[in-house]
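Engineer: Spelled out from the first residue to the last, the chains are:
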Amino acid sequence: MRKQLKAIAVSVGVALAAPVFAQEELNFDAYREMLADGNPAELYEMEGEELWRTARGPRNATLEQCDLGLGAGVVAGAAAQLPRFFKDTGKVQDLESRLMHCMETLQGIPSEEIVKGKFRQGERAKMAALVAYVVTHSKGEKIAVDLSHPKMKEMYELGERAFYYRTGAMDFSCASCHSQDDKRIRATQLPNITKPEGAAAGWGSWPAYRVSNSQFWTMQHRLWDCFRQQRTAEPIFASDVTIALSVFMAGKGNGAEAQWPGVKR
Amino acid sequence: MASPMRIRAAAKDGVTEVRVLMSHVMETGQRKDSSGAVIPAHFITELTAKHNDKVVLSAEFGPSVSTNPYLAFKFNGGAKGDKVAVTWVDNKGETRTDEVQVA
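The listed protein sequences correspond, in order, to chains A and B.
Numbered by full-length UniProt numbering, the letters in the first sequence go through residues 1 to 265 in order.
Numbered by full-length UniProt numbering, the letters in the second sequence go through residues 1 to 103 in order.
Keep in mind the hints are simulated off the structure, nothing from the lab.
Beta carbons are placed, not taken as given, at the ideal position from N, Cα and C, and that holds for glycine.
One thing to keep in mind: the hints can contain errors.
Sample of chain B residues at the chain A side, in silico, Cβ under 7 Å [said to hold, decoys possible]:
#1 Arg6
#2 Ser23
#3 Thr67
#4 Tyr70
#5 Val100
Every beta carbon over 10 Å from chain A, so not counted as near; a handful from chain B, in silico [to be verified]:
#6 Pro4
#7 Ala11
#8 Ser34
#9 Lys54
#10 Ala79
#11 Asp90
#12 Glu94
#13 Thr95
#14 Arg96
#15 Thr97
Bound-form chain A, shown alone (with noise of 0.2 Å):
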């Protein structure tokens, strides 16, 4: 009975709960813990796996030969080592643009549908639960990126200059909200990406899906809405800029344990 309650608890309170708290009787941990057990992220990881395995675009293929950085078709702990540089492609790419690739090159279907898509809507909204799929398979898992490669490198410092650049109507940066301790924005906690932990926390927890709005979110959504925020150009879907700043996290949170699917207020 009392997990009984607790579920409905869960599920009424959400959007009730969060604001009425004081200050100092937030308690981020105890919020997670109770969202943590049911992430609605699982149900779009359900889609993800048929989605991998389904015959699909004008080749009429599957994904099960995509190679992710693991080999042909291996799925698991991929995400972990993501982004990462690709021979066949002679570029860096995070899971969205690999997964773009594999779904251009076996599949047929355009990358361009997918850069010029919206969030949420077509290829894009099977691409997210394509996502959703993969980083399941990394739950857990160290965060392992390899930056040895020159290209990684130059993405690296790539990023950490994007990270620090100040641009826009209110001369934002992403450093301008993410480079304190213990900071945050009504309810919601600011990591401090400038440190590993602080890195680990962000990249190790997104995507994710958000309670309050119902949605699952990828890293590419994450960013772009920062950008959005920072109220400055919107970043094209799988940029370098994007990439750029994901192995910047990536590379500073390497050695974390990824907490993937996330899940957030």
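Start from chain A and add chain B according to the hints.
Structural biologist: Same frame as chain A, now just chain B:
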């Protein structure tokens, strides 16, 4: 067609714990879309859980339950390999049943 639920059922010391994650929009009928039109109500109204053929939980849901509802409950009895089936019905008459074996 409605998307599948994710159900887990585990028996321990004569008690079975069931955890159900449902995929449903749970639209309240109080919200408006970007053009100002009311989004019609669409939510689960009834839920039934069966252990083999016996009803162990029967619940009424309403519009105040969140999108993609999560429900956890326990019932007495149940052994490995038994069937647990969960069915919901929504206000549009759509229904979905999923079944798992107790682990």
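Engineer: Does Arg6/B meet its interface restraint, that is, does its C-beta lie within less than 7 Å of any C-beta in chain A?
Structural biologist: holds (5 Å)
Engineer: So is Thr97/B really clear of chain A, every C-beta pair being over 10 Å apart?
Structural biologist: For Thr97/B, whose nearest Cβ neighbour in chain A is about 16 Å away, the distance exceeds 10 Å, so it holds.
Engineer: Checking the smallest CB distance to chain A, is Glu94/B really beyond 10 Å?
Structural biologist: holds (16 Å)
Engineer: Beyond 10 Å from every chain A Cβ: check whether that's true for Ser34/B.
Structural biologist: The claim stands: Ser34/B keeps its Cβ more than 10 Å from every Cβ of chain A (closest is about 13 Å).
Engineer: Going by Cβ atoms only, is Val100/B closer than 7 Å to chain A?
Structural biologist: Interface hint status for Val100/B: violated (13 Å vs cutoff 7 Å).
Engineer: Is the nearest CB of chain A more than 10 Å from the CB of Arg96/B?
Structural biologist: At roughly 12 Å from the nearest Cβ of chain A, Arg96/B sits farther out than 10 Å, so the non-interface label holds.
Engineer: Grab the minimum beta-carbon distance between Thr95/B and chain A and tell me whether it stays above 10 Å.
Structural biologist: Fine: 18 Å to the nearest Cβ keeps Thr95/B off the interface.
Engineer: Have a go at the Ser23/B hint: is there a Cβ in chain A nearer than 7 Å to its own Cβ?
Structural biologist: holds (5 Å)
Engineer: Compute the least Cβ-Cβ separation between Asp90/B and chain A, then decide whether it is above 10 Å.
Structural biologist: holds (15 Å)
Engineer: Classify the hint on Thr67/B as holds or violated, based on whether any CB of chain A lies nearer than 7 Å to its CB.
Structural biologist: Because about 4 Å separates Thr67/B from the closest Cβ in chain A, which is inside the 7 Å limit, the hint holds.
Engineer: Is the Cβ of Ala11/B farther than 10 Å from every Cβ of chain A?
Structural biologist: holds (15 Å)
Engineer: Any CB of chain A closer than 7 Å to the CB of Tyr70/B?
Structural biologist: With Cβ-Cβ at 3 Å, under 7 Å, it holds.
The structure is inconsistent with the numbered hints 5 and 6, although it conforms to all the rest.
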